[in-house]
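Chains as they are written, first to last, in numbering that gives the first Met the number 0: chain R, 0 to 432; chain Y, 0 to 261; chain X, 0 to 304.
Treat the hints with care, as some may be off.
[To be verified] List time: in silico DSS-like cross-link candidates among lysine-lysine, alpha-carbon distance up to 25 Å:
#1 Lys31(Y) with Lys297(R)
#2 Lys31(Y) with Lys258(R)
#3 Lys194(R) with Lys311(R)
#4 Lys372(R) with Lys344(R)
No lab work stands behind these hints, which were simulated from the structure alone.
None of these values were measured; they are calculated from a predicted model.
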Amino acid sequence: MERNALPIRRRRLRRASSVVTTLAAASLVLAACSSAASTSSTPGSGGTAKEITIFLIPSPTEDAIKARIPEFEKQTGINVKVVDAPYDAAHQKMLLSFQAKKGAYDVVQFDNPFLAPFASQNALTDLGPYTAKSTPYDISDFVQPLQEYNKYNNVAVALNLSTEPFILWYRKDIYAKLNLTVPTTWDQYLSNATKIQNSGLGSGQVIANNSSVNSWWWLQLLWSFGGDLTDSSGKVTVNTPQAVQATDYMKSLLAVSPKSAITATGDDATTLFTTQNVGQMINYSGYYPVITDPKSSKVIQTFGTAVIPVGKQNITELTGWNIGIPADSKAKDTAWQFLEWLLGKDNTPKLMDAGAAAIGRTSIVTNTAITSKEPYIALLGPAAQSGRRLPAITNWGQVSNQIGVAVQDILTGGTSTKDGLNALQDQLTTTLG
Amino acid sequence: MVLAAVTALFPIYWTMLTSFRTHIEIFAQPPKLFGGPFTLDNYRQVLADGQFRASLSVTVFVTVLATAIALFTGAFAAYGIARRQAFLGRRPFEAWLILVRAMPGIVLAVPLYQVIVARGLYDQPIVLAVAYAAINLPFAVWLMVGFISGIAFELEESARVDGASQFTIMRKIILPLVAPGMAATTIFVALLCWNEFLMPLVLADQAGKTLPVYVAGFVTSRTIDYGAMAAAASLAIIPIALLTLAVQRQLVRGLSLGAVKD
Amino acid sequence: MTLQQEQSATAATADSRRPTRLRRPPTFSAAYLAPGWLLLLAIVLIPLALGLWISFRNGSLLSPTSQFVGFTNYTRLLTSPLFWDSVRVTVLISALSLAIQLPLGFVLAVVINRELTGTRLFRSSLLMPLLLTPVAVGLMWRLMLNVDNGVVDGVLQQLGLPAVDWLGNRTSAVISVVLVDSWQNTPFVMLLMLAGLQSLPAGPLEAARVDGASTLQTYRHVILPLLAPVGLVVIMIRIIESVKLFDIIYILTNGGPGTATQNMSVFDYRLGFTFLQTSQAAALGVIIVILLLPMYRLWKRANSQ
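With the hints as constraints, model all of the structure from the sequences given.
Next comes the structure, spelled out in structure tokens:
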């Protein structure tokens with residue numbers, strides 16, 4: 000029993016020291032291993048000239064790409080291996096693989112907010128040289144804002160895989176019943192929504208208010224009301240009168256939304272729009288395949304699309320997938336061959352036919368054959384022209400989260416708009432400073 | 000008791016109900032508790048998906064292998080801990096067991112990813128199985144220590160006096176007596192492995208895509224295919240449910256033989 | 000026999016179960032742990048050491064290199080309101096969950112132990128929550144708790160009660176998380192408690208009955224103490240898993256609304272994968288482990304009886 004007789008402190012010390020000893024031993028092993036790893040020449044699982052690995056994110060676009068791959072494989076004899084992971088995990092795995100530099104992936108589909116984190120550590124290949132001499136791709140078919148969408152520090156490190164600006168979705172039948180017209184100002188949008196909400200025909204409108212994504216909508220409103228995240232000198236400006244107006248407006252939108260809108264993501268908002276009675280929605284155009292899917296949508300016959308209302312500044316938030324070639328890929332030329340084929344000027348309509356989100360090439364948005372079948376594509380033209388992407392900063396993840404939490408707090412009445420925005424101002428000044 | 004059973008079963012029932020509904024029906028307002036138009040489309044979609052079959056077989060493989068490793072390793076460790084009072088390395092081992100379970104998964108996963116990729120072991124089911132075994136080892140040991148302690152030491156004593164080797168003792172005396180306890184531990188460890196999500200998500204791509212990761216894949220960007228997800232989840236529950244129900248009686252008897260030392 | 004005599008007799012039997020000290024030289028016994036150590040070394044020890052090492056640097060997913068920064072990550076965490084908020088949420092969720100799971104699991108075990116009609120069916124059905132894959136659990140509950148078209152509020156409204164915004168309100172979001180966690184894990188508690196109850200020696204119980212003890216007294220003085228070894232292991236496991244709870248929260252609320260359900264585990268994920276600050280996440284992981292190491296005491300207590 001002598002062990003139990005030891006004073007407690009001594010026992011704790013002994014236990015702690017034994018853990019520390021083990022840790023020290025493990026660290027020695029670790030040091031040995033890491034020195035071994037740095038000299039090992041484990042071949043990457045990336046592509047050779049005859050096979051490439053592409054990393055996609057589950058979405059209508061992924062399904063379309065997968066549908067197109069067999070034709071490419073038949074034409075070229077190149078084997079295309081598809082790997083995917085849900086949105087969050089996908090970007091994290093891409094970042095991890097870039098740091099591992101094993102050439103695991105030759106093509107990556109990613110969301111635009113991750114372009115800065117990827118490009119800032121030189122993880123993506125400069126595609127300028129490839130696009131400059133590619134006739135099939137024809138980069139001039141993209142208006143300037145769309146080309147800027149792929150750049151970091153003026154270097155084009157990706158291609159446009161989809162063009163998804165915010166557009167206005169609405170219910171034509173509800174508008175007709177209440178004699179409403181498509182709103183051209185944000186005041187009209189709100190008054191439409193109020194009328195719909197009061198009529199009992201359904202909820203007035205819906206946007207995403209979940210703290211993980213509401214920064215996207217909040218930023219759009221901020222721009223529309225004449226404000227911005229920072230001013231030209233880089234100083235944070237989220238507690239300006241414009242910001243207060245925008246946030247209060249967002250609050251009044253919440254009052255004419257379905258009850259679950261306070262935690263709705265963009266996907267949830269679309270689900271509400273397609274399965275409940277919601278009169279209007281501001282959401283990216285990329286939801287078109289979901290909204291027109293007979294299996295999941297009740298509003299296929301009754302929905303309409305329009306450009307979003309204009310505010311003090313004519314800015315439309317531009318979102319959409321990017322696709323690029325990792326810098327550590329071992330088969331860049333083959334990867335480019337695939338991208339050139341998939342997204343070339345003539346093949347893009349085929350990709351869209353397979354169900355992908357629209358790509359805003361000028362040749363497509365002005366193609367009357369396409370736009371007469373799907374009118375919303377014509378909207379992509381003007382939307383892209385006034386399009387602006389989310390801030391291309393490497394810590395957008397943190398900024399978005401801070402905005403999201405602060406805004407949701409204001410929306411639920413946890414703090415007043417002024418107090419909430421002042422607190423956010425301090426937080427963001429530290430984060431972006 | 001009835002209330003408890005209903006509460007326990009209702010979400011499972013709802014999952015199965017959802018799996019037979021179309022997307023529109025799933026979001027019908029007000030929600031219908033029973034009936035409504037049914038469809039087999041979700042099941043057709045999942046069963047036709049080659050990836051589902053691949054995920055199913057990978058999950059079975061990894062679970063079986065991981066459980067075997069964890070049980071074998073854990074049994075040895077548990078025997079040592081249960082029988083001997085104090086010896087070199089015991090305290091650190093027990094402390095590490097707690098550490099393994101206490102560490103949030105992500106903190107373990109990122110360095111593990113780096114080590115695995117550096118050694119070229121990425122996306123391999125065998126590596127996954129070893130990882131599963133390691134992180135569930137604490138469970139295996141904690142449960143089995145109880146069972147082994149419950150076996151009277153005199154049995155071993157007399158066998159040793161009779162001249163039996165340690166190995167024979169393990170084989171002829173310990174193992175048979177502890178078998179029900181082993182069954183119980185097997186179920187729990189297998190369950191943990193079957194439903195493990197973070198490890199295969201980070202340490203594998205397609206070759207190691209187990210069922211939990213496959214089910215998560217129905218959360219796409221733009222929509223969540225609840226119907227197909229529910230169908231896949233309902234199918235995923237079948238193997239482990241059958242196993243559990245089959246050894247249910249064994250389970251409780253096994254636990255009771257060792258869990259309390261009296 | 001009186002209760003006291005029974006108890007000392009039980010203790011005597013217990014002593015004979017405990018191996019005497021001088022049976023085997025200690026070093027030989029260490030060999031039993033060898034496979035365990037091997038497994039841990041291969042998978043756990045090195046990454047954890049790496050994690051510890053990187054917690055003293057400023058590594059992130061934004062840069063392939065990092066520099067040594069000493070305790071900066073730790074001090075930054077310990078002075079961060081987000082960290083303390085996550086501690087508060089962790090304590091809140093864990094305390095509420097344990098307060099439900101442990102007593103409820105015990106009560107259910109007691110009832111099943113009585114072997115009334117339908118026990119087998121009840122036991123089977125109560126096991127089901129453990130089997131469903133975590134992603135599905137989260138997603139289905141998210142569906143069911145939706146305030147607009149979820150079935151829970153649908154039923155409430157059928158019964159004439161007001162709908163509750165389960166996931167959109169700071170308080171009810173915490174309750175929802177506790178609810179789902181308890182739904183999934185009470186069966187585990189019940190199972191182990193049941194095992195303990197079924198292996199109670201008849202002797203002390205008989206003696207208590209002979210002594211004329213009431214049910215309550217029997218429980219308090221006989222059953223619960225005898226159940227302690229199982230109970231302590233169960234409590235230890237549930238505390239650890241409860242503090243570490245991630246999957247359910249991530250899918251149900253993603254830490255929201257705001258940070259209302261962001262416990263330390265979710266905050267760790269946020270740091271590492273949303274903010275991309277892997278070093279800060281590693282530091283938080285170390286802090287969590289340090290906070291949970293005292294669980295070792297419970298293990299020792301459970302094993303020394």
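*Take a quick look at whether Lys194(R) and Lys311(R) sit within 25 Å of each other, Cα to Cα.*
holds, 24 Å
*Between Lys31(Y) and Lys258(R), does the CA-CA distance stay at or below 25 Å?*
holds, 19 Å
*asked:* Run the distance test for Lys31(Y) versus Lys297(R): straight-line Cα separation, threshold 25 Å.
replied: holds, 17 Å
*Do the alpha carbons of Lys372(R) and Lys344(R) lie within 25 Å of each other, as the hint requires?*
holds, 19 Å
Of the numbered hints stated above, none is contradicted by the structure.
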